[in-house]
Every structure is written in C-alpha cells, then in structure tokens.
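Asker: The chain contents come next:
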Amino acid sequence: MSHAPTALHGNHACALGAIAAGCRFFAGYPITPSSEVAEHMSRELPHVDGTFIQMEDEIASLAACIGASLGGVKTMTATSGPGFSLMQENLGYAAMTETPCVIINVMRGGPSTGMPTRPAQGDIMQARWGTHGDHPVIVVAPASVQEVYTQTIRAFNLAEEFRTPVIVLYDEIVAHLMETVSLPAKGKAEVKDRKWATGAEVGFMPYAETDDLVPVMSRPGDGHRVHVTGLTHTPDGFPTQKPELADRALRRLVDKIELNRDRIDEVEEIETADADILVVAVGIVARAARRAVEMLRAEGVKAGLLRPVTLWPFPEAQVRNAAERASVIVVPEMNTGQLSLEIERLAGRGKRIRTIHRIDGEPIGPDEIAQTIREA
Amino acid sequence: MIRTEIRLAGSGGQGLILGMHILFRALGLEGKHAAQSQSYEPTSRGGFCYSDVIVTGNAADYPLVTHLDMMAGLSQTGVDRSIGLVKPGGLVIVDERLVPEPPKSGVRLLTLPIMARAVEVGSPRIANIIALGALVGLSGLCTRHSLEEAVRRETPKKFADLNLTAVAEGFALASAGTGLAHGDGAARPPHVVRADA
Chain A
1 MSHAPTALHG
11 NHACALGAIA
21 AGCRFFAGYP
31 ITPSSEVAEH
41 MSRELPHVDG
51 TFIQMEDEIA
61 SLAACIGASL
71 GGVKTMTATS
81 GPGFSLMQEN
91 LGYAAMTETP
101 CVIINVMRGG
111 PSTGMPTRPA
121 QGDIMQARWG
131 THGDHPVIVV
141 APASVQEVYT
151 QTIRAFNLAE
161 EFRTPVIVLY
171 DEIVAHLMET
181 VSLPAKGKAE
191 VKDRKWATGA
201 EVGFMPYAET
211 DDLVPVMSRP
221 GDGHRVHVTG
231 LTHTPDGFPT
241 QKPELADRAL
251 RRLVDKIELN
261 RDRIDEVEEI
271 ETADADILVV
281 AVGIVARAAR
291 RAVEMLRAEG
301 VKAGLLRPVT
311 LWPFPEAQVR
321 NAAERASVIV
331 VPEMNTGQLS
341 LEIERLAGRG
351 KRIRTIHRID
361 GEPIGPDEIA
371 QTIREA
Chain B
1001 MIRTEIRLAG
1011 SGGQGLILGM
1021 HILFRALGLE
1031 GKHAAQSQSY
1041 EPTSRGGFCY
1051 SDVIVTGNAA
1061 DYPLVTHLDM
1071 MAGLSQTGVD
1081 RSIGLVKPGG
1091 LVIVDERLVP
1101 EPPKSGVRLL
1111 TLPIMARAVE
1121 VGSPRIANII
1131 ALGALVGLSG
1141 LCTRHSLEEA
1151 VRRETPKKFA
1161 DLNLTAVAEG
1171 FALASAGTGL
1181 AHGDGAARPP
1191 HVVRADA
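Going line by line, the protein sequences match chains A and B.
The first sequence begins at 1 in the working numbering and counts up by one.
The second sequence begins at 1001 in the working numbering and counts up by one.
Honestly, the hints are just simulated from the structure, not real lab data.
Using N, Cα and C, we set each Cβ at its ideal position, and we do this for glycine too.
Computed footprint of chain B on chain A, listed as stretches where at least three residues anywhere in the stretch have a Cβ under 8 Å from a Cβ of chain B: (1) 171-181; (2) 288-297; (3) 357-369.
Some chain B residues near chain A, calculated using beta-carbon distances under 8 Å: (4) PHE1024; (5) ARG1025; (6) GLY1028; (7) HIS1033; (8) ALA1035; (9) GLN1038; (10) TYR1040; (11) GLU1041; (12) PRO1042; (13) ASP1061; (14) PRO1063; (15) LEU1064.
Work out the full structure: start from the sequences and follow the hints.
Answerer: Right, dumping it as structure tokens:
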C-alpha cells in the first residue's frame, strides 16, 4: 500500500495530495507562505493533463476554480492572509451554488499583510464565518506533513460528497516543515467523486432535495438542466424571496452539513479517557500539546489532548464529552482567542478554562503548555 | 534514539536552510526520523534566519526545537537570538569573524575560521557547508559518507566538487578544533572537548 517513506514539506505534500485526489485544475496567485503549493501544482498538473493558471489576483483565482468545477473537474486554489480575505465573496458563492472546490489557506501573521513568513492561527474564525450570511463550510486542520497529504485528499472527497467548498487550514510552520511521510501507491488513495445526474432530463431539478440533502450535479453538455445563481433559489434553480421557500432552501444548505456529521467529524484524542486536565488545540500547537501531555503523564498528571481534525463544523459532541470529565481545560492558540470561544461556548465560561495566546509570530512550545497545565 | 536538536543560525542568503536540508537528507539516508524547519524574514539577503533539524525516535514527536543540543552560528544576530535556547553545556560553533562577540559562558564554545576557509578554498558561499561539516565532524550526527551523499543529491552538479571540498574543510576544522573528530564521524555521541564554559 505505502511507498517507501518520502521527505516532503507541507506545501509539497498538499500538492501531491491534491493530484492523488484527482485535482486537475489549479488557479491561484502566489503568496507567502503558500506559494510552494502553486509551484508544485504547476509542475504536477501538466503530467496528468491538468490545467494550471496563475491568475491576476485571489478573487479571480477562486472564481476560476468555481467555473472549472462547474465544468466538471476537481479544483483547488491556495492562498494566505490577505489573499484569503479576497476570496471570501466567492467562497460564499461556492457555498450557495453548491460548487465543490478546495481552498488551501496557510495561516501567517495578520491582520493585513502582517508577518508574511511567520506562523499564526488567526484565521480560525474567518475560515468559518469569513463570508457573509449563514453558510455551510467544512474546514480541516492538519498538524503534520503526513496529515496535510491525507487531509487534502479528504478535503476533495468532502467537497465532492457534500457539494461544498472545503478549506484546508494550516500554518506557516506546517507548510514549510520537512518531515518523512508515507504516500500510498499511485492510484491507491481513497478517492470519492461527485454524484452526476442520470435518468430523465425532463423535469430534472438542479437543486432537488435528496435523502442526504446533497443534490446531484449536472454533467456539462449531457442535457440535464444547469442553473447557477448566488441568489436564494428553489430546487429548480430559480430565485425566490418567498419566506417559506427561502427558509427551506437555506435550511437544507446548512443541514446537509449538520445532519451528516457522522461523515464529516474527525477528532484525535490522546489520553482523554481519564483526563482531569484536557488540552484542546489544533495544528502545530496540538503537536506541542501532545508533547506537553506526554511530559505531564510522566509526572503523574492526568492530562489529555483533544485535537479537532475537522475544525468546522466544530466537534461539539466530542468536546462536550471530554470537557465533562475534565476539571480544567487548557486552550493554547496562536491568536488572541478564537478556538477558546468555542470551548467557552461548550464548556461554559469560568475558572475551568485556561488559555494561552501568542501573537508574536512564534509558536507555542511544549514547555509553555506544560507549565500552564502544572499551574492549573 | 535520544532526541537531538540542531540549529544553523545566521542571516538570510547564507544557505542556512539548504545546509540543514542536506543534514536532514543525510539522516534520512541512515533511516533516522528527523524534521527540518526554518525561520526567515521577507528579505532574501540579511535579516535573522535559521534552520533547525530535530532527530527523534518518534515520528509524531514535536517537530520544532525546544532546547538546542548544538548550534553553528554565522552571524552575531543569529547567535544572539538563538543562544537562549541552547542547553547548558551545549555545543556552539561560531565563525571567528562573523561572530565577534561569542557567548561568554554556559556552553561549550568553539570559535572556528569558517568564512576564512570558505574564501580560501573557493567561495564565501560554502561557509554553510563548512559549518555543517564541522558540526557533523564534532557530533557524529551522521557519517561523513551520508553527508557527502546528501550534498551530491541536494546541490547543483556544477557545485558538487566545491561543496564536497567544503565538507572536507568542515571535518578538518572539527578535527583541528578538538583533536578528536574522525574522518568517518561515525557513531560518536555529541561531545566536545574544549570547554570554555
């Protein structure tokens, strides 16, 4: 199943994961620290008859991806910081038109151009709520180079399965970290493809309500009707402002994610079964937290780690569960408090929650987390 | 495998990331788990820059440095901003000219004419590889053979001879600096001899 181990940095692993998942179109505008994703896609895509376009900006980049996806191919763009901000409008358009696409957002210090070469986790909330309106979105947050590869593949699968934009969210450290990874043999990665419309063309509804709430897509040119609009629309694709129809359309959009959580949620739990002190962390900070938990366990402290791998929708049930058993929850993150807002929402504000926030462009290390746990 | 943390620190444009990438590859050739990371500023020349390698027995281990076992410094800023991470008694190699004010205590310090040798044998641009050769020669992180093989694989062909000369220079400096480093650098625990601590 696995090739011999290969040494890759995170952005390279991302590009290889995308190719393995069937991505055949990349449109992007290079920006540190995500540029190597574009670089490697530009090298890989010609070998698989794919298309690489360097666009004039990030707005056009995601627009091109949406167009290509509606044209029938799996698409991806990659960006960071200001570029992710520019993509927000089209992110909402992809959510509303239920167009599968994958957006890589490598987090760097912000706001604005901020610190281009330094890591941050300041986009956790933007990834969920950056575009306007109540919208569905899936965000996965890999913590290692190996996981960038596997989660990029999974992002494509989720995008196709649920007809939604999926964001792969990691930071500058994971992007440029070089680690040894095992890649599946060519063609052996688990790949899911979108459901295409079959059967009668007459009466076909492009946004019909199916059992799992995900409409099938019309393959371009095969005769099934296509209707793409960012306006609130009924199953036939035509705009509506009738309250009951608008409500039904938007609830389906949100529910197709919420009601399919068993296929979307993913968390990693380390020593949480008897954890008295629970650490909740994502990305590279979770790697530090894992080490801190190991250090504390060696000292006899019952510490555990819960790491959301699917960050959005937030793993509410899993966090509530682990939080109920713990007396203290520690939330380290490279921002002024985003993940901790979710934890407070689920576990209740108060003395139970200890947070660590760094916004100086430096990672949070194991010692810092361990010290907070000891003092908890 | 005991976790070992190594840094090459200096300023942008010195090839620090390439240097540690070569070490990472050399360790990989020996089947050792390693992770390589770096920090740089948005300027292509100058500014504080470093690259780190950690060697560990556990692939899931924290991939960034926490307490450095050894470091080579090619700029004053690089050393000043990294020295706080070096373990007490850790090995610190500095260039005699680029680091005019080396750390005064707490580490095992070795001041070497890295840049002078680089210029003499061909180019200031190979100071990174000489520093790397000295680090490996002193510490036995990997064999000289693995390091040379990694240099061949990771550097442009037309510079292979120059870079291999740099490895030899680094080992020679290590040897002269301690009288203990061996050409094969094999299976030698991290150690240094001249204790300026």
